[in-house]
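In this text, residue positions in the sequence shown follow the UniProt record's numbering: the first is 1, and each later residue adds one.
Calculated directly from the structure, the hints in this document are not laboratory data. Hints are not guaranteed to be accurate.
Computed list of lysine-lysine pairs in DSSO-like fashion (alpha-carbon distance at most 30 Å, straight line) [as the list claims (entries may be wrong)]:
id, residue 1, residue 2
1, 29, 43
2, 101, 29
3, 43, 101
With beta-carbon atoms standing in for the labels, derived distance ranges [as the list claims (entries may be wrong)]:
id, residue 1, residue 2, range
4, 93, 41, 34 to 44 Å
5, 41, 94, 35 to 45 Å
6, 101, 59, 14 to 24 Å
7, 97, 47, 32 to 42 Å
8, 35, 100, 16 to 26 Å
9, 105, 44, 29 to 39 Å
Glycine is no exception: its CB is placed at the ideal position from the N, C-alpha and C atoms.
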Amino acid sequence: MCSRGPSYPPLTSGPEAAVSRDDLRVAVKEAIVFLNSFPALVKQLNALFNTTHFTAFDLSLGDAAAVGSLYGYDRLLSAINMDGTFFGRPALNTNEADVGKPSFLFGMEIHAG
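Turn these sequences into a full structure, and let the hints guide you.
Here's what the structure looks like:
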């Protein structure tokens, strides 16, 4: 999931152009590290959380990572993209972008077109 993988369209315009593929890979890795660490924290704190299945949501690069994490993390059941930005595989206009899991996209007028 975090390997080089296929070649994606370049990020060449708009505020998203400043985001590199490495930034996205790091965000996806950080999300998965958190999800793998969360069960131990819940146990330590004796908190009442489900630690077997998750839904991810965030803003900006975080929401792109939330959707990107759906590809390779079985315990992540769904994701919400809060501001409509996609990078990498989810941004492709092909069936390769299909995450095969429920995902919800909010949009922002600045991301239209």
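Cross-check of the supplied hints:
A C-alpha spacing of about 22 Å is found between residue 29 and residue 43, which places the hinted pair at or below 30 Å, so the restraint holds. Our distance criterion of 30 Å between C-alpha atoms is met by residue 101 and residue 29, whose separation comes to about 19 Å. Our distance criterion of 30 Å between C-alpha atoms is met by residue 43 and residue 101, whose separation comes to about 28 Å. With their beta carbons about 39 Å apart, residue 93 and residue 41 fall inside the hinted range of 34 to 44 Å.
Between residue 41 and residue 94 the beta carbons are some 38 Å apart, a value that agrees with the proposed interval 35 to 45 Å. Distance hint check: the CB atoms of residue 101 and residue 59 are about 20 Å apart, consistent with the given range 14 to 24 Å. Taking the beta carbon of each, residue 97 and residue 47 are about 35 Å apart, inside 32 to 42 Å as hinted. Residue 35 and residue 100 have their C-beta atoms about 18 Å apart, which keeps the hinted 16 to 26 Å range intact.
Taking 29 to 39 Å as the suggested C-beta distance range, the pair residue 105 and residue 44 conforms, at roughly 35 Å.
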